[in-house]
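Going down the list, the sequences are from chains A and B.
Here our numbering runs 42 ahead of the position in the first sequence, where the first position is 1.
Here our numbering runs 42 ahead of the position in the second sequence, where the first position is 1.
Keep in mind the hints are simulated off the structure, nothing from the lab.
Treat the hints loosely; a few may be bogus.
Copies of the same chain look alike in the list, so a pair counts if it works inside one copy or between any two.
Unchecked claim - Listed below are the simulated DMTMM-like cross-link pairs for lysine to aspartate or glutamate, each with C-alpha atoms no more than 20 Å apart in a straight line: (1) Lys339 with Glu153; (2) Lys181 with Glu116; (3) Lys339 with Asp221; (4) Lys219 with Asp103; (5) Lys132 with Glu116; (6) Lys160 with Asp150; (7) Lys132 with Asp183.
Number of protein chains: 2
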Amino acid sequence: MIVGGGFGGLCAALALRHAPARVLLLDRTNHHLFQPLLYQVATSQLSPADIAKPIRSILRDQANVTVAMSEVREICPATREVVTTGRRLKYDHLIVAGGARHSYFGHDDWEANAPGLKSLPDALEIRRRVLTAFEQAEKYDDEARRRSAMTFVVVGAGPTGVEMAGAISELAYTSLKSDFRRINPRQARVLLVEAGPRVLPAFTEDLSASAKRQLEEKLRVEVLVNTRVTGLGENFVELNGERLAAHTVIWAAGNAASPLGRQLGETDRAGRVLVNQDLTIPGHPEVQAVGDMVFIKDRAGRPVPGVAPAAMQMGRHAARNVLRQLAGKPPTDFWYVDKGSLATIGRHAGIADLKGLRFSGTPAWLAWALIHLFFLVGFRNRTLVFLQWAWAYVTYARGARLINEPPDTPPRP
Amino acid sequence: MIVGGGFGGLCAALALRHAPARVLLLDRTNHHLFQPLLYQVATSQLSPADIAKPIRSILRDQANVTVAMSEVREICPATREVVTTGRRLKYDHLIVAGGARHSYFGHDDWEANAPGLKSLPDALEIRRRVLTAFEQAEKYDDEARRRSAMTFVVVGAGPTGVEMAGAISELAYTSLKSDFRRINPRQARVLLVEAGPRVLPAFTEDLSASAKRQLEEKLRVEVLVNTRVTGLGENFVELNGERLAAHTVIWAAGNAASPLGRQLGETDRAGRVLVNQDLTIPGHPEVQAVGDMVFIKDRAGRPVPGVAPAAMQMGRHAARNVLRQLAGKPPTDFWYVDKGSLATIGRHAGIADLKGLRFSGTPAWLAWALIHLFFLVGFRNRTLVFLQWAWAYVTYARGARLINEPPDTPPRP
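Please model the entire structure based on the sequences and the hints provided.
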């Protein structure tokens, strides 16, 4: 049984292609999501269907896999059972790939005013807020309210925060620039707020400095490092104790592992399961956990980062461990292979660190675009996304600029 | 001032391109919707962004138009004011293009169990229900529940009902056919229920008979004419007094004009405003109403149908009337020019009546596809939709097969 159809779970299922076993994959949604491009749905460059694909259609030709759209409520390693809404399911081997959500570090009440970005509904909600803010600004007569509507604060300068800040700024400076009559979208302020001393802290200091420069110079994002969010409410955020009026705040500051982790054993502060080096959980060689919900170290003793390539490697390794156990052999240890890191910031802006080869600007942006296009699952999507990117690149257009509003959402006064 | 950014309102705004006037267009959403293809979003052939485009980006180069995303609450012809959420706006000339919603003929409580198809959220909700029904069927062990999950009832055999029934059947027979392990999607039952004696009653009797034959033979839809819905609840529908278990019921049976109509003057049973022949409302030559919310007759004395071409013609005519009045001349009468009717049923199935030239099957389907592609607003969309259709045609794939679920929707037990 596999819980979760993200990168880890899906790669595990695919790696069990020739396994002499029946595989049941559970996910609460019906689709696998290419999460690295989710911010482009949030900023209306892409549509949901461009970056998501039904799990059962990805696995349609793999006859030993059954897919069920079910939310897992509970895992009982003692009885070898998984409990979903209304059903108890028995397993022989279990791979848990529950992923992570965003974390508000104890301020869960902040979520309503500062949504995070992990799922398609998250992305559509952020898109709705960003586009609606410009619509509101166009209607306001009061200058202060208009300024507040056109102020966008992104909290957290990891890859997601940097991408979001860059993309919102591009939206205002290019795609929307001629759409309004009473406001000038280029007067939008985009702030990127980071509690630590630098942006993209997973990269080296020089690349991090380059990213900050590109954000400020190419994308006109105001970068505030060493700045903490001390309060947050409707239409404002408090930074190091000082209040700033802003209709739109986006949270990209922290991760909390899937709560399923706590049912598997000991966890770290972020809720990640402390798995054995072979990905099994202590005392249960038939249960493995993979991906963002896991804490594990690489050969150099550093924690494996919560990125798609790591989840994919773990998923495949867990599948191999199952095959070994079916053949009566013990599982083997997992060692993460780091193929390098890339971060995009915006059009012609990015940084790259590929095994010590470090570069930034247009080459990094191009490398990022090519690699992401290459890994996007499914031929049809890849072609269409490429066409959409090419078209957007030439025209600066944002085609998917739709506010997906549930029918009964009350309009903001 | 123009209320509504559908076909009528948008064409009115475009026709005022060179008017010596400031134009304010209000719509409660931010997009113009190509409604004739909405059923393809509901059956996951297309994505929302393929058939919708931000109104302000359509009108971005027309400097005399301001677009505001606002819901109109009230129209006061006496004081020449329009009331939106939080604002009162004065007008000199007003064109109301409020459109229509679906009507349940006094059974408004049926809506929860039988959603209709007028907006993007409607389409995504229907898509969610149809796809979730198959997901549920795959999980059920009980044969009766499984049959209920795989029974789809479309109420109303006008163009929307026929298209929906055909598209759901195609989805089950082609796109989903290899996706499941425990059910065979081809065992899905699709019923098209019509209270009157024939399908597509706006067409001639022979074309209508041909449509019924194509539905039954090419698309395996069970067509029930002279059949009334006498009851409706969770997971069942009552047809002529007999109860049928069905998880999914879709309502395509009736229209109710925008409630704004009642504030403009006398209305017919469907809530449509009885406008003068020149589209003005009685007693107010500065107020015109256009599109689906209007009752008006053509030269032959027949009511003008609630279709996109009629709304577009009325919108343009209303704009010309405003221009005449600005020049001190009286408005002129509106006469609908019927260029023919087309209905699609499914792959290689359709009927056409173009000025007496009647044909059906593949030629009608091709004519329908070409004309709809041609009229789809905006080049980018048109190209992408064409590619998507071509791809789907060759592969029978449905790429947008995503269940767009709001994060807190409780899963159905």
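Status of the hints after comparison with the structure:
no.: 1; hint: Lys339 with Glu153; in the structure: neither (31 Å within a copy, 54 Å between copies)
no.: 2; hint: Lys181 with Glu116; in the structure: between (48 Å within a copy, 18 Å between copies)
no.: 3; hint: Lys339 with Asp221; in the structure: neither (50 Å within a copy, 38 Å between copies)
no.: 4; hint: Lys219 with Asp103; in the structure: between (46 Å within a copy, 11 Å between copies)
no.: 5; hint: Lys132 with Glu116; in the structure: within (12 Å within a copy, 59 Å between copies)
no.: 6; hint: Lys160 with Asp150; in the structure: within (16 Å within a copy, 37 Å between copies)
no.: 7; hint: Lys132 with Asp183; in the structure: between (62 Å within a copy, 16 Å between copies)
Comparing the model with each numbered hint stated earlier shows that hints 1, 3 do not hold.
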